[in-house]
Amino acid sequence: MLYFDNAATTPMRPCALEAMLPFLSENFYNPSSVYGSARKVRAAIDDARGAVASAIGANPDEIFFTSGGTESNNHALKGLPAKHIITTAAEHHAVLYVCKHLEKLGCEVTYLPTDNEGTIRADDLAAAIRPDTSLVSIISANNEVGTISPIAKFSEITNQAGIPLHTDAVQMVGNVPLDVKKLGVQMLSLSAHKFGGPKGVGALYVKKGTPLFPLILGGAQERNRRAGTENVAGIIGMSAALSEAIAEIPTELPRITALRDELIKKILQIPHTCLNGARENRLPGNVNISFRFIEGESLLLHLDMQNCCASTGSACSSGALEPSHVLMALGLSHELANGALRFSLGAQNTSDDIENLMNILTPAVEKLRNLSPLYDDFLKTSEHRR
Amino acid sequence: MEYSEKVMEHFMNPRNVGELEGANGVGTVGNAQCGDIMRVFLKIENGVVADASFKTFGCGAAVATSSMATELVKGKTIAEVMEITNKAVTDALDGLPAVKKHCSVLAEEAVRSALWDYSQKSGVAIDGLEEPKEHAPHAH
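Protein chains in written order, with the working numbering: chain A, 1 to 386; chain B, 1001 to 1140.
The following block holds chain B by itself, in its conformation from the complex (with noise of 0.2 Å):
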């Protein structure tokens, strides 16, 4: 199992890490028995990520991806935003190894979940966003 260079790069080097101030979406996805934990922070200003953050407890691909996720949705419309896949997190990384694959699902879950906390505290709805399922351990 190799981690591209660009894995490593945001491994080391993570951007937007900490909480947010005057964050108005959070969420929080896994759990320490799967071994992954992602915090998302949004800052959603008139249907724009103005800021994004995160904290992340888990392997290198875990930050990695928190890191890139955070990177990809900030300035985009929450409609935009909801168009970010895991897919996409894993390509603006130069991909991941196959069994680091649930890491990038997991930062897709943590930025959906960030929205639907949006979503519930502003009462604004989002097309297309459900609510976050509680994860099991084991469960992805």
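Bound-form chain A, shown alone (with noise of 0.2 Å):
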């Protein structure tokens, strides 16, 4: 099996499954209740929110657990009530849909364009701001293309316009140093499965003074911001595969960046091809590439049947081919959008499964241009002859 497909979700570490077992079995105690078995749980839960804390570069009283990255990203938006909301046209859909939401319910939302990169422009977010602004919500990292933003740059002008700034960082964490007081942002979510950890379980940073309505109502767990009873093995897995993880980044950075490196240049040899996304502000282990007169289905295909993992930001719904958003927002045609491949690469990723994967991909690019009816007509055209 090659797995290419690390931003979808990452294997996870041994050390949280590990760390893990026990509280889904001999561990099983209800944190809330107040018994000695139960008080040592809750002490696991409390030393999982330091390292997460730390991870980050945040206090412990500023984590808050949640289900994963879309319920962190939708407590961010809907914990107030908003007249305005600024984003981006790039955002995941955890952040696009629920401001879409928010304006049927009357808020106003300004979704900021990108350059051809990805990345958003601060002069372009200075400019959106208003007076009624309530808050700016920008994605740290695209899932799709991997454009990293400048948060920080980012944070200068809304921390001076005091609106708060959340960052759904789900593509960072765990895979690039970060630190919320360095960027400045006032929330930040964060998903476990991201880093090797378990599914169902994320994070909302919210720095300490930031007003923030529950989003799930009932007990007073997670200190009256979030109810219901606490996901504790999930919480202890979390933890401790950021601490893993964060302890690798010295060696997994500049290692998953060299492969990522390698593997842009190896596709790009194949012609007609182009990558989509900033070239060096980017995810490590992002690579999203174009590849003309194909559509990208039809070759995750024939990966597929070879045991290859990896995705399209094209999604076939609904009898339309309906081309990523993210694709579209970068000013893709329709043609470069619905040909675009995914390979996103994590911990457990080689060398040689890059040589593996070309030795795929290059035969099905062949095979699928010679199907295509508009590599024929390129052929053909007076563009080819130049």
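Keep in mind that the hints were calculated from the coordinates and are not lab data.
Quick caveat, the model's predicted, so the values are computed rather than measured.
Note that the Cβ used here is the ideal one computed from N, Cα and C, for glycine as well.
There may be inaccurate statements among the hints.
A short, non-exhaustive set of chain A residues, derived as facing chain B with CB atoms under 8 Å [said to hold, decoys possible]:
#1 293
#2 298
#3 362
#4 366
Grab the two chains, each in its own frame, and use the hints to assemble them into the complex.
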């Protein structure tokens, strides 16, 4: 199996599984109960909170455990009544669709455009701020094309205007060094299964003093900000995975970045391909390439038939193929957006994987181009003769 | 969404790929905005499809339906080809996921568009055949 879909999810780290197991068996107690066995579970959650906080430069009382990145984003956006929100056209759906929903409820939303690499211009942000702007939400690193946003630059603008800034850092945390104080944000979302933790658990960082109502109401868990008995094993697993991921960043960041650059270089040797997203300011594991004249799903199926996992930004639904909103925001044509594949590298990938991938990818591209009427038309045009 | 074994078999080993030498009916339908483009080539002799081929840009279902459609029309009379519907193509592939139904419609339209081209060039009138519609983005 060749796995190049680490931006979708990562294999769980053995240390995370090991840390979780006692909390799925003998340490089953409800951390809110008063007796000693339960207090031990409470203490384990407190330790986990401390570990997650220190991984991102926060204080433990600024970390709120959630069911994952989507809930964290929903909470940040719906946690206060909003008149005007500023976000971007290239957000994850867990922000974009929340904003669309809030628009139906009467909130106004400004969607900042991106340049052709997926970067938001600070000037555009500054110009979009209004007296009634209540929140700015900008993704830290794009999940499809990997472009990293200059969040610290944006927070200078929002902090000067006194507007809270939320960032969806799901693709960053555990892969790239990150410090909430240096970023200057008021809220940040993270998700455990993107760095070798379990699925169904994440966290929202909320800077002390930031007003925020709960999203889910009930018991007094998470200091009244997130009701519901804690996902104890998930929280413990997340903290174990994050601690290990952070410790490995000094060696893994350069290693995965080098693998990424090797893969980009090799794929771009296939004619009529182009890299989507920024070349430099890019997630260490993200490779997003458009293959001209072919459609992404058919290429993905070829890879799948040979046990190779990648993903496409385009999701063919409701009869018509909807190209990725991110690639469209970058200004790609429908053809190039429909022909894009994302390969996301992670801890388990090696240089051999890249060699093996290329041995599958190159002939698959050739085979599909031989099927393509667009390629035929291209070969007959003057563009080719030149 | 899962493809039948037959769809995957036709996708991985498509029949009748490529431009057809001596084709006297060629039809192209779809557009890149929809995500699918199909071009069907027919060689019609004495009212019978002597040979057929295709080129397709699109998803797995688009490739498989083109492959199957060209298989189905080979050796058939024009009247018989006119009877081949998108359902016949879908059935021959042991079904398609609901969201991919438009691919079989496109395959039927591609065959008819090639027949129209043949009819225009040869002057042979074909009963019940209508001029292919221009495909507006997201029309199907």
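Chain B contact restraint on residue 298 of chain A - CB to CB distance below 8 Å: Hint on residue 298 of chain A: holds, closest Cβ of chain B at ~5 Å, below 8 Å.
Is the interface hint satisfied for residue 366 of chain A? The criterion is a beta-carbon contact with chain B at less than 8 Å. violated (13 Å)
Residue hint residue 293 of chain A, partner chain B, criterion CB-CB below 8 Å: holds (7 Å)
Hold the hint about residue 362 of chain A up to the distance rule: shortest CB distance to chain B must be less than 8 Å. violated (17 Å)
Going through the hint list in order, the structure does not satisfy hints 3 and 4.
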